[in-house]
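Going down the list, the sequences are from chains A and B. For what it's worth, this note's numbering labels the leading residue of the first sequence as 1, then goes sequentially. For what it's worth, this note's numbering labels the leading residue of the second sequence as 244, then goes sequentially.
Since the hints were made in silico from the structure, they are not lab data. Don't take every hint at face value.
What the hints assert, rightly or not - Not everything, but these chain B residues come out facing chain A in the computed CB check (under 8 Å):
no.	residue
1	Arg254
2	Pro266
3	Ser279
4	Glu389
5	Asp444
As the list claims (entries may be wrong) - Some chain A residues well away from chain B (every beta-carbon gap over 10 Å; in silico):
no.	residue
6	Thr18
7	Ala52
8	Gln177
9	Gly203
We put the beta carbon where it would ideally sit given N, CA and C, even for glycine.
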Amino acid sequence: MAGAAVLGGLTWRVATVTAVVDETPRVRTLELEVAGWQGHLAGQHVDVRLTAEDGYRAERAYSLASAPGEPPAITVERLEDGEVSPYLTETVRRGDAFELRGPIGGYFVWRPVDGGPLFLAAGGSGVAPMRSILRHRRNTMSDVRARLFYSSRTLEDVIYRTELDGEEVVHSLTRAQPPGWTGYARRVDVDLLREVAWPAEDGPLAFVCGPTSFVESVAAGLVELGYASGRIKTERFGGTGGS
Amino acid sequence: MSLISRGFRGRRRDTDADQARVPPGQSVTRDFPVLSAGATPHTSLDRWTFSIENGGVLRTWTWEEFRALPRDPVTADIHCVTRWSKLDTSWEGVSVDTLLGEVEHDAAYVLAFCDGGYTTNLPLEDVTGGKAWVVYTYDGEPLDSEHGGPARLLVPHLYFWKSAKWVRGLRLLDEDEPGFWETNGYHLYGDPWREQRYSGD
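Between the sequences and the hints, there should be enough to build the whole structure, so can you do that?
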């Protein structure tokens, strides 16, 4: 299978941080240079391994936020009780290095031949693999229709805001909205999805990434709207005891 | 190779947890995270069956028949490939030994199949001898659908993706046949103590 072929044995490689981009007050993108990087597919993830001076290690998985053909990049949200994310969002600077292996995963992946129309749904930093997919679609001049539904707490928490202005995006701000906000202002539910998702008759392909409660709501809602469950691909994070 | 990450200290291990019970690369959680590849299926109990197949159906149970089978309480530590482990989880269900005891076979492997199309493969010796169950309660309550209810496989000595949610039966096989995650880059066997996370580990 494609996934296995892409993997072919995973080795830890050195990733050097070439740029640090502040996305929001709590979120950073780290652009990386990885010696021997073999390229990746849109939607795949990597494992990051940090090692302390006394040999203590911690590993976490992050979605790749860059498109195939671009150098790898990860977008990390700082979790207050986290172990790895505070390091990656606060301590790391340009020129630092850590270990990384990947790309990983053959399921939550989009290739232009997979077609669409694409309905992407992201909660918070679950938007990272969606950027990879949207960029890939753009870079390959794919004519597949794509729409992103993106739920954030506040406008300040919207990641890739400028870049997403060039895409078809429907935002919902669940916690606070700026004056004059005309977008959605609530948690996702089936009524909201009925308004924003492609009709089921179009045979859409859905990718859903975010916290578990978001993913459960979206996936269940899309099934209720008639989406084929085999065409709803989900990726979840959070609630894992701190990342 | 060991590359020191400048300025990284780490939170160190969870001091409450018995570290000898936590496989390498795992952290103990008290939550019960949910992970699956797609939407949560909902099958009503009057349409639910559990089957043992080998090309044809050898044996099938309705929900009521299944619930009438001898049940075991199981307390086990579980280990998810996404790096959380949860200690002392408690379940109740039917031993796979009991289920396979009802059919004649000489299979070497099984493929668990589920609502939603999910499958996962296991050697027969990993689901027999008191190592695997089809469970329908968690912590004394009926198993939630998001955690695999009405019934899921429980094979706690392997990474938790082998404990297939929404399980509906076992297919008996002579040869190993990769399941869903196993064809998508994950390890064919999945021993957490040997960190067999991905194909090639």
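- Query: Hint check: is the beta carbon of Ser279/B less than 8 Å from a beta carbon of chain A?
  - Reply: holds (7 Å)
- For Ala52/A, which was marked as not at the interface, is the minimum beta-carbon distance to chain B over 10 Å? For Ala52/A, whose nearest Cβ neighbour in chain B is about 5 Å away, the distance does not exceed 10 Å, so it is violated.
- Query: Checking the smallest CB distance to chain B, is Gln177/A really beyond 10 Å?
  - Reply: Given that every Cβ of chain B is farther than 10 Å from that of Gln177/A, nearest at about 29 Å, it holds.
- Item | Restraint check, 8 Å cut-off on beta carbons, for Pro266/B near chain A | For Pro266/B, the interface hint is violated, since the closest Cβ of chain A sits about 12 Å away, which is over 8 Å.
- Query: Is the interface hint for Glu389/B satisfied, with its Cβ closer than 8 Å to some Cβ of chain A?
  - Reply: holds (6 Å)
- Using Cβ atoms only, decide whether Arg254/B comes closer than 8 Å to chain A, and label the hint accordingly. Hint holds; Arg254/B Cβ to chain A Cβ min 4 Å, cut 8 Å.
- Compute the least Cβ-Cβ separation between Gly203/A and chain B, then decide whether it is above 10 Å. Correct as stated: the minimum Cβ-Cβ distance to chain B is 16 Å, above 10 Å.
- Answer holds if the nearest beta-carbon of chain A is closer than 8 Å to that of Asp444/B; otherwise answer violated. holds (7 Å)
- Message: Would the non-interface assignment of Thr18/A survive a Cβ cutoff of 10 Å against chain B?
- Response: holds (16 Å)
Taken one by one, the earlier hints fail for this structure at numbers 2 and 7, listed in ascending order.
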